[in-house]
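2 protein chains.
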Amino acid sequence: MSPKIIELDHGSGGTAGHQLITDFFLPAFDNPILNQMDDCAQLTIGKTRIAFSTDTFVVDPIFFPGGNIGDLAVNGTVNDIAMSGAKPLYLSIGMVIEEGFSFDSLRTIVQSIQQAAKTADVQIVTGDTKVMPSGMLDGIIINTSGIGTIDLDINISASRACIGDHIIVSGTIADHGITILTQREKLMIEGDIHSDTAPLNGLVAQLIKYCKDIHVLRDPTRGGLTAVLNEIAKQSAVEIEIQESAIPVKPQIAACCDLLGIDPFSVANEGKLIAFVPESSVEKVMSVFSQHSLSQDAVVIGKVVSKKQSIVYVKTPIGGKRLLDMHVGDQLPRIC
Amino acid sequence: MSPKIIELDHGSGGTAGHQLITDFFLPAFDNPILNQMDDCAQLTIGKTRIAFSTDTFVVDPIFFPGGNIGDLAVNGTVNDIAMSGAKPLYLSIGMVIEEGFSFDSLRTIVQSIQQAAKTADVQIVTGDTKVMPSGMLDGIIINTSGIGTIDLDINISASRACIGDHIIVSGTIADHGITILTQREKLMIEGDIHSDTAPLNGLVAQLIKYCKDIHVLRDPTRGGLTAVLNEIAKQSAVEIEIQESAIPVKPQIAACCDLLGIDPFSVANEGKLIAFVPESSVEKVMSVFSQHSLSQDAVVIGKVVSKKQSIVYVKTPIGGKRLLDMHVGDQLPRIC
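Read top to bottom, the protein sequences are chains A and B.
This note's numbering applies: residue 1 is where the first sequence begins, and numbers increase by one.
This note's numbering applies: residue 1 is where the second sequence begins, and numbers increase by one.
Derived by calculation from the structure, the hints in this document are not laboratory data.
One should not assume that every hint holds.
Pairs count within a copy or across copies, as identical chains cannot be separated in the list.
[Unchecked claim] With a Cα cut of at most 20 Å, we get these calculated SDA-like pairs of lysine to any residue:
| # | residue 1 | residue 2 |
| --- | --- | --- |
| 1 | K118 | L43 |
| 2 | K87 | T44 |
| 3 | K4 | G139 |
| 4 | K87 | K209 |
| 5 | K186 | A255 |
Input sequences plus hints: build the corresponding full structure.
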């Protein structure tokens, strides 16, 4: 039976969110560009290839170690655009603010947007601001949409994973989600826990410069590694095998996950990417990762093993094999 | 003294909203494209001229006579893009939905988005959906961002009004705002009162086809005619004179405004445009208006009289002259 009301899980990176998109939005708005289901739309206007993406940020709390909703909103859309191999150029900012929101907080957020745009080398060229009466919205939410250009020789998409592709993650996972969770629940955890929010377009530009045959790039945000790998398995119709012991997780993040019974594979990241590259390019790509400050912990975590079925397996350290299945919803709402 | 908290007026089409933009956002995000302050950014990518715009819709109630938040969101961004003389092509949809929102309502909204996109001949190519816990957001809000292409020989901007330009409004004003107000306050008013939400890109395409020297196009949404004329006066540094008796207002809308003490000049429209054209083109432009179903009530309402000061005057029927000054805020929040 189909649900009668929207549930929190419908806004997640899990199966409920995917079902809402595939059963509800895709049939309504049906067109070949949307149906690609990449993080951004790839368009051709005249002779120019354009990447176009949108994301609304509803993170709670709005300030957290490592960033705030402002730089998160800039980096999030910059990254979605970059995952098509595009160079992000222009962003829009759509703010909805609750009446009574502090101007000092808004100033801090605006400064973060400005700084993040500068770091990512993008311009804020258009915007919109709405205010909702007190009690009608919790604080502030920010939509960023953006456009970039894609070189003619680039062909990167979640539907391009091939048998034999090696899968590389650019660094430690679960930092952002665990930061938000511990902040929201006011958990006192030892060790440095902060969001990894960062713009990945500089790293992607380097990757593309030195390796023309990257098949897939994806940033594992909502739903984490689990959601992204399952999406790619489905869109490319391939079977993926991941080595559990290879996946980098900071000790303090792993400790948090253990303590809270949370699976780090399904936790959101905001400054990491997953790359699918043919075996012949792994060395070149790893060399690019090793030279960029945002990917010092990059590591091969698995590969595409067959075209038998759209599925993701994890090989455990003791030699077992388990299905890495998507959750119905996220482990917590308002993560980004 | 600068305010310490965000007030409802900061989200309006009035002076408070403008001050937030000019004193706060523009200095932070400073760049020549944003500083143009048109309804959409005009970009040049390669040899392609692109229009890029964003708008978040927070209208309350979400269903109203003449439309709902879905078609309003599509038409709103289509119109902002069209006001640069661009042909809108692609839209993004960013929805934020409150947990517990009815699926039936969402279905109706999605169908309206689909229908409006079809009518305006644009494609929904990318999207994002977030769900906020119950009580954290009132219902649903929708961001639409969009891109279109501008022909090389088009040069339309709010900064291009010239002395002698005739000012034409494409139809009756205040329909949308008065519809929302009467619905929200559950006022029982006689006569047909409905929103004018409509896509204006078809009309703009005809205008451009037959008249290459249109100087300014603007859709008088938040803040109505008053806000738009004052913005143009400021951006073009011109003095504008309007004939009060010429401005078309439906009798039932005028009656509502009288009853409620509301100035129709400052009420939002969602399917009307203001055109500034040189005197030599007025006949041609009026002929185009007369042939399009959305502009049957088009009429010349005034002209640009001097470059002495950035100001808007209204000539009253009895020969008086009053300043058409911007309000601090809107007459009601969440109008669009």
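Taking the hints in turn, this is what the structure says about them:
1. K118 / L43: For K118 and L43, only the inter-copy Cα distance (18 Å) is at most 20 Å; the intra-copy one is 25 Å.
2. K87 / T44: So K87 and T44 pass the 20 Å test inside a copy (15 Å) and across (15 Å) alike.
3. K4 / G139: between (28 Å within a copy, 15 Å between copies)
4. K87 / K209: within (12 Å within a copy, 34 Å between copies)
5. K186 / A255: within (16 Å within a copy, 56 Å between copies)
The structure is consistent with each of the numbered hints, conforming to all of them.
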